[in-house]
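Line by line, the protein sequences are chains A, B, C and D.
The first sequence begins at 1 in the numbering used here and counts up by one.
The second sequence begins at 1 in the numbering used here and counts up by one.
The third sequence begins at 1 in the numbering used here and counts up by one.
The fourth sequence begins at 1 in the numbering used here and counts up by one.
There may be inaccurate statements among the hints.
Heads up, the list lumps identical chains together, so a pair's fine if it works in one copy or across two of them.
[Stated by the list, open to error] No more than 27 Å apart at the CA atoms, straight line, and that leaves these computed lysine-lysine pairs for DSS-like:
#	residue 1	residue 2
1	60	25
2	151	138
3	125	163
4	8	138
5	8	21
6	138	73
7	60	151
8	124	8
9	138	125
10	60	138
Because the hints were derived from the structure by calculation, they are not lab data.
Quantities reported herein were computed from a predicted structural model and do not represent experimental measurements.
Protein chains: 4
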Amino acid sequence: MEISKNFKPIVSVCGSKTISKEIYKISEELGSLLAENGYIVACGGLTGVMEAAAKGAFLKNGIVVGILPTATKESANPYISIPIPTGMGESRNVILVSMADVVVTISGASGTLSEIALAWKMGKKIISLSNTGGWSAKLAGTSIDNTRNDKILNAHSSQEVIKLIKSIYQ
Amino acid sequence: MEISKNFKPIVSVCGSKTISKEIYKISEELGSLLAENGYIVACGGLTGVMEAAAKGAFLKNGIVVGILPTATKESANPYISIPIPTGMGESRNVILVSMADVVVTISGASGTLSEIALAWKMGKKIISLSNTGGWSAKLAGTSIDNTRNDKILNAHSSQEVIKLIKSIYQ
Amino acid sequence: MEISKNFKPIVSVCGSKTISKEIYKISEELGSLLAENGYIVACGGLTGVMEAAAKGAFLKNGIVVGILPTATKESANPYISIPIPTGMGESRNVILVSMADVVVTISGASGTLSEIALAWKMGKKIISLSNTGGWSAKLAGTSIDNTRNDKILNAHSSQEVIKLIKSIYQ
Amino acid sequence: MEISKNFKPIVSVCGSKTISKEIYKISEELGSLLAENGYIVACGGLTGVMEAAAKGAFLKNGIVVGILPTATKESANPYISIPIPTGMGESRNVILVSMADVVVTISGASGTLSEIALAWKMGKKIISLSNTGGWSAKLAGTSIDNTRNDKILNAHSSQEVIKLIKSIYQ
Numbered sequence: 001m002e003i004s005k006n007f008k009p010i011v012s013v014c015g016s017k018t019i020s021k022e023i024y025k026i027s028e029e030l031g032s033l034l035a036e037n038g039y040i041v042a043c044g045g046l047t048g049v050m051e052a053a054a055k056g057a058f059l060k061n062g063i064v065v066g067i068l069p070t071a072t073k074e075s076a077n078p079y080i081s082i083p084i085p086t087g088m089g090e091s092r093n094v095i096l097v098s099m100a101d102v103v104v105t106i107s108g109a110s111g112t113l114s115e116i117a118l119a120w121k122m123g124k125k126i127i128s129l130s131n132t133g134g135w136s137a138k139l140a141g142t143s144i145d146n147t148r149n150d151k152i153l154n155a156h157s158s159q160e161v162i163k164l165i166k167s168i169y170q
Numbered sequence: 001m002e003i004s005k006n007f008k009p010i011v012s013v014c015g016s017k018t019i020s021k022e023i024y025k026i027s028e029e030l031g032s033l034l035a036e037n038g039y040i041v042a043c044g045g046l047t048g049v050m051e052a053a054a055k056g057a058f059l060k061n062g063i064v065v066g067i068l069p070t071a072t073k074e075s076a077n078p079y080i081s082i083p084i085p086t087g088m089g090e091s092r093n094v095i096l097v098s099m100a101d102v103v104v105t106i107s108g109a110s111g112t113l114s115e116i117a118l119a120w121k122m123g124k125k126i127i128s129l130s131n132t133g134g135w136s137a138k139l140a141g142t143s144i145d146n147t148r149n150d151k152i153l154n155a156h157s158s159q160e161v162i163k164l165i166k167s168i169y170q
Numbered sequence: 001m002e003i004s005k006n007f008k009p010i011v012s013v014c015g016s017k018t019i020s021k022e023i024y025k026i027s028e029e030l031g032s033l034l035a036e037n038g039y040i041v042a043c044g045g046l047t048g049v050m051e052a053a054a055k056g057a058f059l060k061n062g063i064v065v066g067i068l069p070t071a072t073k074e075s076a077n078p079y080i081s082i083p084i085p086t087g088m089g090e091s092r093n094v095i096l097v098s099m100a101d102v103v104v105t106i107s108g109a110s111g112t113l114s115e116i117a118l119a120w121k122m123g124k125k126i127i128s129l130s131n132t133g134g135w136s137a138k139l140a141g142t143s144i145d146n147t148r149n150d151k152i153l154n155a156h157s158s159q160e161v162i163k164l165i166k167s168i169y170q
Numbered sequence: 001m002e003i004s005k006n007f008k009p010i011v012s013v014c015g016s017k018t019i020s021k022e023i024y025k026i027s028e029e030l031g032s033l034l035a036e037n038g039y040i041v042a043c044g045g046l047t048g049v050m051e052a053a054a055k056g057a058f059l060k061n062g063i064v065v066g067i068l069p070t071a072t073k074e075s076a077n078p079y080i081s082i083p084i085p086t087g088m089g090e091s092r093n094v095i096l097v098s099m100a101d102v103v104v105t106i107s108g109a110s111g112t113l114s115e116i117a118l119a120w121k122m123g124k125k126i127i128s129l130s131n132t133g134g135w136s137a138k139l140a141g142t143s144i145d146n147t148r149n150d151k152i153l154n155a156h157s158s159q160e161v162i163k164l165i166k167s168i169y170q
């Protein structure tokens, strides 16, 4: 019997913890589509974009990993299927990015910016929803520095995110 | 619609990276039983006890989380369904314990000893298979220090581990 | 006898690992001035801005802490007086920022951007030398997000950095 | 001009956070001797052995690095000259050990046990004061596992610790 390392791709969704209803809806839709397409969703496990993406995936029976900054799992939003309390504070951002095959960003304040920067440094594919404001809007379509030849991919909808991921993993 | 935080219990299995065939068999059996009983299995993602427990769970279609010390997932054994490359070296031991509802140890050298000590400090329930040698044999049935009133639970078989976990989560 | 927590302020200097001679000179000058003014200098311990700032401080008999991504200290540049090999890869950026009273940035690629973002999130004072290019030039004088009322302070010389730090710690 | 990496040896002192006056005195004496002999002292930065060793070294004008589990430095005891708030909880134990040239343990509960185990795994020299109880007494003179040929060095006084360190760094 042969087992090969056919890990399902993990998509880490990063974004603001305080968001509008509209951004919540986009994030939830993205979570749904990711789960429907068989991707594992990872996020920071808390509120805002993290919760919305988790909810979308969870309600489609997807696996949702929450990389929590806290030492216990009580901080997780209700849609996390695998809570991972790290007790490491902001360092959990590094893990959330490090475990990702693709990093998708929605809106985003300083925490998300740190994740975009780290993802770039680690050579991860990054897709930013440029219609959601924040650092996603500012950085979509740009390069963080000249160590890579590619750019942060610019998506305008959840559907386009899925298309872009499929084009990477075709 | 109500979603409650009914996380499936996560059982982190810790043990030596170099083991005998007999210990491999016990570890694999434990992985199988954990998956059959609906627990999520977590481990350090590498060889030895980590691989055997992962294999047992994976072949029963269980979810197996591998908390890797490396920055990329290539180091994971072939039975990890969710590889989490942390790039944090030995600090990944802290996460493996922190995410656990129950920590089970099999045999064990210095790495496992660090995990037992950390699990004790974090107030985690620990079950050690005392018939597998190493630090599991040395510490099963004992207290690490006087900050807790309980002891490391002493199990003699995979079946007994499952019974003990069920008695904790009844 | 009374001892009060009169820690000397720690200034973490962040910047690119590959830099021009001009940027090296500015970084070294900054390190010298920081040491002469009694500040502890911290950096990532490697090359480029990290080395130059360390050199400047070290040659003025300053204390230079190097927060290294590696597990051993051999990677430290020769001007680190206290090497701290973390074995944590990119997560060491979090520590470098977390330990700082003030974060100063010079030029800067993705790693520096992650440090600026994290410093902002942690409420740290940030001073960027806007005449050194990279993310320092892009972000000096701006706000990372609307969770704070202040801005990244814009300095045009090492001397101005010292003045700004003194105005914070007057 | 040549600068060589002549780092001063760093001695990380690990031990219980709640200790008797007698153990406090031993720890403080050790700190004094370490500073007098030119070693940098590192510790977890909090109370008990950490405070006593820091006090001894600090009052002899030694450099005392405190690797704190908290995200801010307010938790540091008053004798820490370089506080390093990591915000990483128990993972700071890994850094405290990783940065050490020699690890010295005094008494010790579960946290110290984790540090002994990690130090062993990282190949660090470990010296335990066997007359101070706790895990230091239990493990002095023993091997943690068979991956190393040496043993945890057994010291009976602060003076003997210094002699042992000097024999390592002669």
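For this session: Using 27 Å as the alpha carbon limit, work out where residue 125 and residue 163 are close: within a copy, between copies, both or neither.
Result: Within one copy only: 14 Å inside a chain, 41 Å across chains, cut-off 27 Å.
For this session: Check residue 138 against residue 125 for me: Cα-Cα at most 27 Å, and say if that holds within a copy, between copies, both or neither.
Result: both (17 Å within a copy, 23 Å between copies)
Exercise. Can you tell me if residue 60 and residue 151 fall within 27 Å by alpha carbon in one copy, between copies, both or neither?
Worked result: Classified as neither; 31 Å inside a copy, 41 Å across copies.
Problem set entry | Identical-chain pair category, residue 8 with residue 21, by Cα at 27 Å | Neither way: residue 8 and residue 21 sit 30 Å apart in one copy and 30 Å across, limit 27 Å.
Exercise. Is the C-alpha distance from residue 138 to residue 73 at most 27 Å within one copy, between copies, in both cases, or in neither?
Worked result: Neither: 33 Å inside a copy, 30 Å across copies.
Exercise. Between the shortest in-copy and the shortest cross-copy C-alpha distance, which are at most 27 Å for residue 60 and residue 138: within, between, both, or neither?
Worked result: The answer is neither: 31 Å in one copy and 41 Å across copies each exceed 27 Å.
For this session: If the cutoff is 27 Å on CA atoms, where do residue 124 and residue 8 land: within, between, both or neither? Let me know, please.
Result: Answer is within: at 16 Å inside a copy they meet the 27 Å cutoff, but 30 Å across does not.
Exercise. Between residue 8 and residue 138, at a C-alpha cutoff of 27 Å, which is it: within one copy, between copies, both, or neither?
Worked result: Classified as neither; 30 Å inside a copy, 38 Å across copies.
Exercise. Between the shortest in-copy and the shortest cross-copy C-alpha distance, which are at most 27 Å for residue 151 and residue 138: within, between, both, or neither?
Worked result: both (13 Å within a copy, 18 Å between copies)
Exercise. Using 27 Å as the alpha-carbon threshold, which applies to residue 60 and residue 25: within, between, both, or neither?
Worked result: within (15 Å within a copy, 36 Å between copies)
Hint compliance for this structure: hints 4, 5, 6, 7, 10 are not met, and every other hint is.
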